[in-house]
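Colleague: Make the full structure from the sequences, and use the hints.
Numbering (full-length UniProt numbering), first residue to last: 1 to 814.
Worth flagging that the hints you see were computed from the coordinates, not collected in a lab. Glycine is no exception: its CB is placed at the ideal position from the N, C-alpha and C atoms. Please note that the accuracy of each hint is not assured.
Said to hold, decoys possible - Have a look at the derived ranges for each label pair, beta carbon to beta carbon:
(1) Cys560 x Tyr111: 50 to 56 Å
(2) Gly750 x Asn461: 44 to 50 Å
(3) His800 x Arg43: 23 to 29 Å
(4) Lys477 x Glu406: 51 to 57 Å
(5) Tyr111 x His214: 50 to 56 Å
(6) His528 x Arg612: 42 to 48 Å
(7) Gly778 x Arg422: 15 to 21 Å
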Amino acid sequence: MYAKVIVDVPAKQTDRPFDYIVPEPLRDWVAVGSRVGVPFGPRVLQGFVVELQESSDLSAAKLKPIEQVLDLYPPLTPELVELGRWLSETYLCPYIIALQAMVPGALKSKYERHVKLSGDPSYDDGLFRLPVYDEIIAFVQSKGSVELNALLEKYRSSGAAVKDMLSSGTLVEFQFIKGSAPAKTALTVFPPEQPLQYVEQIPARSPKQRDVLHYFADHPGPVKLSELVAQLKISASTVKGLAEKGIVAIKEVEIFRDPYAGRHFQKTSPLSLTDEQQAVFGEIKESVADQRHAVFLLQGVTGSGKTEVYLQAIQQCLDMQREAIVLVPEISLTPQMVERFKGRFGDEVAVMHSRLSQGERYDEWRKIMLKQAKVAIGARSAIFAPFSNIGLIIIDEEHETSYKQEESPKYHARDAAIARARKHRAAVVLGSATPSLESVYRTTEEGGYFRLLSMKSRVENRPLPKVNIVDMRDQLKAGNRSMFSRPLYKAIEERLHKKEQIVLLLNRRGYSTFVMCRTCGYVASCPHCDISLTYHQQAHSVRCHYCGYAEREPVVCPSCQSEHIRHFGTGTQRVEEELSKLFPGIRVIRMDMDTTTEKGSHEKWLNMFKNRQADVLLGTQMVAKGLDFPYVTLVGALAADSVLNLPDFRSAERTFQLLTQVAGRAGRHELPGEVFVQTYTPEHYSVISASHHDYAAFMREEMAMRRTGGYPPYCRLILVTFSHEQLQLLVRTAETFVSRLKESGRDVPGMDVLGPVASPLARIKDRYRFQCMIKYRGGADAARLVRQTADSLQDTVSKHKLQISVDVDPQLLM
DNA sequence: GGAAAAGTTAGT
DNA sequence: CTAACTTTTCCG
Numbered sequence: 001m002y003a004k005v006i007v008d009v010p011a012k013q014t015d016r017p018f019d020y021i022v023p024e025p026l027r028d029w030v031a032v033g034s035r036v037g038v039p040f041g042p043r044v045l046q047g048f049v050v051e052l053q054e055s056s057d058l059s060a061a062k063l064k065p066i067e068q069v070l071d072l073y074p075p076l077t078p079e080l081v082e083l084g085r086w087l088s089e090t091y092l093c094p095y096i097i098a099l100q101a102m103v104p105g106a107l108k109s110k111y112e113r114h115v116k117l118s119g120d121p122s123y124d125d126g127l128f129r130l131p132v133y134d135e136i137i138a139f140v141q142s143k144g145s146v147e148l149n150a151l152l153e154k155y156r157s158s159g160a161a162v163k164d165m166l167s168s169g170t171l172v173e174f175q176f177i178k179g180s181a182p183a184k185t186a187l188t189v190f191p192p193e194q195p196l197q198y199v200e201q202i203p204a205r206s207p208k209q210r211d212v213l214h215y216f217a218d219h220p221g222p223v224k225l226s227e228l229v230a231q232l233k234i235s236a237s238t239v240k241g242l243a244e245k246g247i248v249a250i251k252e253v254e255i256f257r258d259p260y261a262g263r264h265f266q267k268t269s270p271l272s273l274t275d276e277q278q279a280v281f282g283e284i285k286e287s288v289a290d291q292r293h294a295v296f297l298l299q300g301v302t303g304s305g306k307t308e309v310y311l312q313a314i315q316q317c318l319d320m321q322r323e324a325i326v327l328v329p330e331i332s333l334t335p336q337m338v339e340r341f342k343g344r345f346g347d348e349v350a351v352m353h354s355r356l357s358q359g360e361r362y363d364e365w366r367k368i369m370l371k372q373a374k375v376a377i378g379a380r381s382a383i384f385a386p387f388s389n390i391g392l393i394i395i396d397e398e399h400e401t402s403y404k405q406e407e408s409p410k411y412h413a414r415d416a417a418i419a420r421a422r423k424h425r426a427a428v429v430l431g432s433a434t435p436s437l438e439s440v441y442r443t444t445e446e447g448g449y450f451r452l453l454s455m456k457s458r459v460e461n462r463p464l465p466k467v468n469i470v471d472m473r474d475q476l477k478a479g480n481r482s483m484f485s486r487p488l489y490k491a492i493e494e495r496l497h498k499k500e501q502i503v504l505l506l507n508r509r510g511y512s513t514f515v516m517c518r519t520c521g522y523v524a525s526c527p528h529c530d531i532s533l534t535y536h537q538q539a540h541s542v543r544c545h546y547c548g549y550a551e552r553e554p555v556v557c558p559s560c561q562s563e564h565i566r567h568f569g570t571g572t573q574r575v576e577e578e579l580s581k582l583f584p585g586i587r588v589i590r591m592d593m594d595t596t597t598e599k600g601s602h603e604k605w606l607n608m609f610k611n612r613q614a615d616v617l618l619g620t621q622m623v624a625k626g627l628d629f630p631y632v633t634l635v636g637a638l639a640a641d642s643v644l645n646l647p648d649f650r651s652a653e654r655t656f657q658l659l660t661q662v663a664g665r666a667g668r669h670e671l672p673g674e675v676f677v678q679t680y681t682p683e684h685y686s687v688i689s690a691s692h693h694d695y696a697a698f699m700r701e702e703m704a705m706r707r708t709g710g711y712p713p714y715c716r717l718i719l720v721t722f723s724h725e726q727l728q729l730l731v732r733t734a735e736t737f738v739s740r741l742k743e744s745g746r747d748v749p750g751m752d753v754l755g756p757v758a759s760p761l762a763r764i765k766d767r768y769r770f771q772c773m774i775k776y777r778g779g780a781d782a783a784r785l786v787r788q789t790a791d792s793l794q795d796t797v798s799k800h801k802l803q804i805s806v807d808v809d810p811q812l813l814m
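Modeller: Structure below.
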């Protein structure tokens, strides 16, 4: 038997399968999707089996056997191996990168290079040697074997000596692939069938052992040793005594780290649906029942009860003995959300998100693998949950940009979901209050086969909150220079008085704090990137968001020596300061990157707010999503249009979505809500239609703009970014690329190559960046042409370490 | 990606 | 002529 293997070298030349012999003893272990260790050139690499065959076209002399199988079960299903192929072709990345992206981080290849003494004392040949040789030998001997990097680190100045000893054979190198992530095990006690019949055998001087038997009489079934010891306040040796008598058995049993251990989820039952919900559910249910592939775009206003529809649709799917995947944006995967799913489906739910430790994430993934979970809920990468019989995929807040991965493979979870659903004949539900234009377009006749479902009213017919637009130019004219307009100030005052709660949104983008000199206008900027440095209060430092460069906050201007240099901008910290100045004694919870990095902090703050231990929840984007607190009656967007001024054709869409989302946080329960939107552009259609909760009006305007401007969804985009330290070479290569692509795309109708131009982020980490945009329509195979053209520049790329990055369907045009 | 092989250059 | 350095090739 022979296996085709994709090896772990993400390069053009190795981006193809290599044949290996499957040795007899490994036959039962090697399958499509297995992770294996294979000899490749001079070393052993990790790889994935993508095909098995009876014969190979290669001569027997060239073939080598697979060295090891790395996991008990293949970490990828054949379907996922195929999906990986699709990812690599659609998003133009090496196959191995796509395959790696689908397995949990714990299984990413880790190679360790170790050295040990060869045992052949050839160094003792009487020749003079530096004393450091003997030191190294003694060190390696004492440890048995040492990791090469550690050794080089320890004897940093004697790297040559280590190298010399390796080449002379005194030291030998061996490397290994760090095996599969170790499953955690626990000692577990297995009781006999009739515990009480053994009580007689226990001598009276061992009362504790009798206690154990009585315990098992009440609680049949195995139990963790540690738990038993804690519950009965006995020592482990007591149980061991029983085991030695052969009455109980103690075995190592694999356990899952349960990130939600010790928490009880209130079991919930299906709520009764409103007519609107019922209608929507009916459609989805029918498609799930028929096992027919379909994509539903569910447009439901905030608070219309989309989640309940999801829950019942999942139930339907489980009843069909099929599995379901639920994707939610990372920041709305709150404990509240998890609770709703665990409450309905209990242990059948696996939760995957970035705040879990690597081990926890691995265990959740394995629950799916071992068919212990039927529902996977998680952020973007949960779309790769290794299920084999998917009936339903739900993508909540489908318009969220976080569904697009910014690193290779630059996939969009929505499209990956559809690709998977087709193979499984599964239904896809894309839910949002503000669906993306791309998805809406695909519900139209010219755009695709999506079916539009909508829910226009909130549950129990609660009204949507009243939205007030505040023109900040008027505030300025009236002499109010604070970041709180008069109307918002009054509203805050009133809520404080009534002991109701307030959510304040400050869109950080474009408003991060920077350091500027008021005398000469100097702005502290990164020496390696074309971007200004961001001020961080705790460390009194300024930092670069792109390369991590940091320096102390300057006290005098480096340019003109003036002392009038200070930090500017409206960060959340400053809003917090101003709030406490304006409203002494106000209790503010600030949620931003600085306060939510610690594990569990996110949850802690939200719980505090929920328990009304604070009056105001102040934050960036993350306060706009999915939160649901009954006492919130006021929402303020402090700088609603900060996104609007960004040079991105999606800025109006983003503004509309953000305002609609944040407005939806108010008045979700008995108390009515009110919203204030502060803006310098009150006449903009995105602001106006958001204030009227008028999605249709916004959609009409924006679609028209996109059509005239020639932007998605009326065409598709590919963004190609080139980067290199030398500007000249960079520009020359980018120009060559563009002219070659134009040449080969000459006969492709509707394909347009723009640029090259300097990237909006013109330099990052000392590398200049140029980009070119490809617009195309319909099924034109633009991606293939781009790949061919990029490949034709391969020599320049590898010779000068020039980087070409291709982003199909980019979300950020940076 | 990394080592070996092939090709190129410079130094006596 | 070869050692040192660079480029190319290939890995199953």
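Colleague: 50 to 56 Å was suggested as the range; check whether the CB atoms of Tyr111 and His214 agree with it.
Modeller: 53 Å, holds
Colleague: With 51 to 57 Å as the target window, see if Lys477 and Glu406 comply at their CB atoms.
Modeller: 41 Å, violated
Colleague: Quick check on a hinted range of 15 to 21 Å for Gly778 and Arg422, using CB atoms only.
Modeller: Given about 20 Å between the Cβ atoms, the range holds.
Colleague: Given the range 50 to 56 Å, decide if the beta-carbon distance of Cys560 to Tyr111 lies inside it.
Modeller: Hint holds: Cβ distance 52 Å, inside 50 to 56 Å.
Colleague: Is 42 to 48 Å right for how far apart the beta carbons of His528 and Arg612 are?
Modeller: Between His528 and Arg612, where Cβ atoms are some 46 Å apart, the hint holds.
Colleague: I want to verify a distance hint. Is the separation of the beta carbons of Gly750 and Asn461 within 44 to 50 Å?
Modeller: Roughly 47 Å apart at Cβ, these two residues keep to the hinted range, so it holds.
Colleague: That 23 to 29 Å hint for His800 and Arg43 (C-beta), does it hold up?
Modeller: 26 Å, holds
Hint 4 alone, counting from the list given before, is not met by this structure.
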